[in-house]
Amino acid sequence: MPFFSDRNSQSSIKHKWVGSLRLVTWNVNADAPFPKSRISALLEVIKTTGATNVIFLQEVSKDALAALLGEPWIQQKWYISDIDASAFGTQKFISVTLVSKVWVATEGILLGAIWRIPLPSRFGRDALCCDMLLNSSSEHIPGKSSVRIRLINVHLDSLSINPSLRPVQLSICALYLRAAGHGIIAGDFNPVLQEDDDLVRANDLTDAWMQLCPNDPGHTWGVYGEHTFPPNRLDKVALFNLNPLTMGVLETSEVGACDEKMSADGMELVEKAHFSDHFGVWCEIRWEEDQPQPE
1 MPFFSDRNSQ SSIKHKWVGS LRLVTWNVNA DAPFPKSRIS ALLEVIKTTG
51 ATNVIFLQEV SKDALAALLG EPWIQQKWYI SDIDASAFGT QKFISVTLVS
101 KVWVATEGIL LGAIWRIPLP SRFGRDALCC DMLLNSSSEH IPGKSSVRIR
151 LINVHLDSLS INPSLRPVQL SICALYLRAA GHGIIAGDFN PVLQEDDDLV
201 RANDLTDAWM QLCPNDPGHT WGVYGEHTFP PNRLDKVALF NLNPLTMGVL
251 ETSEVGACDE KMSADGMELV EKAHFSDHFG VWCEIRWEED QPQPE
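Here the sequence shown is numbered in UniProt numbering, starting from 1 and rising by one per residue.
Treat the hints loosely; a few may be bogus.
To be verified - With a cut-off of at most 27 Å between alpha-carbon atoms, the simulated BS3-like pairs for lysine-lysine come out as follows:
no. : residue 1 : residue 2
1   : K77       : K62
2   : K92       : K272
3   : K272      : K101
4   : K47       : K101
5   : K62       : K92
6   : K47       : K77
7   : K62       : K101
8   : K101      : K77
These are calculated hints, taken from the structure and not from any lab test.
Please construct the entire structure, taking both the sequences and the accompanying hints into account.
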């Protein structure tokens, strides 16, 4: 949605900058085989959601990152947070953020720095941050100001280990949103303890799914009954000073990988697996900012 000023109201002393973005977040499952085929299938599903502006991926292995970087659609259409394996350190996977080049160009968005916040973690987890400066051209126009939206891509600690570090992890991320004034924390929240149910609200954030679909469980993991644990809504979108408009779940499908595995006699083997053990989530997010009317 383009920005606009409310110039029709003669009595108003303010005008509003309004806009929206579409976010997709997906845990791509670092442990599954066939990363090239799975990443390709996942991207095809994302393409069906329409004009996606921001993509958050979690559990991106080195092979999956190489597959992402090798995709022509990614090369042509997306800014990507990582172009090599330097962020992995001793970890077997990282989170990756992508932002649409077309969206940035057409909306006049200024992308800020990308950085990682090391989190207290039993698994070496971090939060991948990026700032977007909207209405960036207004910095030089009297009476107008820009809007900063902070994007935070998270993969909170796994498992039902007590004491859990997820509360302090989300609290740290929420502090970074408040410092920016507007923002999104999205990704794999791993809410596997009862105390996790209240973490988003306790940090003065809006759980987009609970606001839009309070009577729908919105399960994103364990849906096919392949795990010993019950289905759960592990993947969430939490907002600060932003409003969710619409939201949905993106399902997985089985993919073959005959090009990635060969039998001993050189014959191609066709194996199938779901391209992730998580469903994806998409969310349309809106912002609306009052600005003082110039004299």
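Each hint, compared with the structure:
1. About 21 Å separates the Cα atoms of K77 and K62, which keeps this hinted pair within 27 Å; it holds.
2. At most 27 Å may separate the alpha-carbon atoms for a hinted pair to count; K92 and K272 meet this at roughly 23 Å.
3. With a CA separation close to 33 Å, the supplied pair K272 and K101 exceeds the 27 Å bound.
4. Restraint check for K47 and K101: the C-alpha separation of about 15 Å stays at or below 27 Å, so the hint holds.
5. A distance of roughly 7 Å separates the Cα atoms of K62 and K92; the hinted pair therefore holds under the 27 Å criterion.
6. A C-alpha spacing of about 12 Å is found between K47 and K77, which places the hinted pair at or below 27 Å, so the restraint holds.
7. Pair hint K62 plus K101 holds up; C-alpha atoms about 24 Å apart against a cutoff of 27 Å.
8. Annotation: proposed proximity of K101 to K77 holds, straight-line Cα distance about 5 Å (limit 27 Å).
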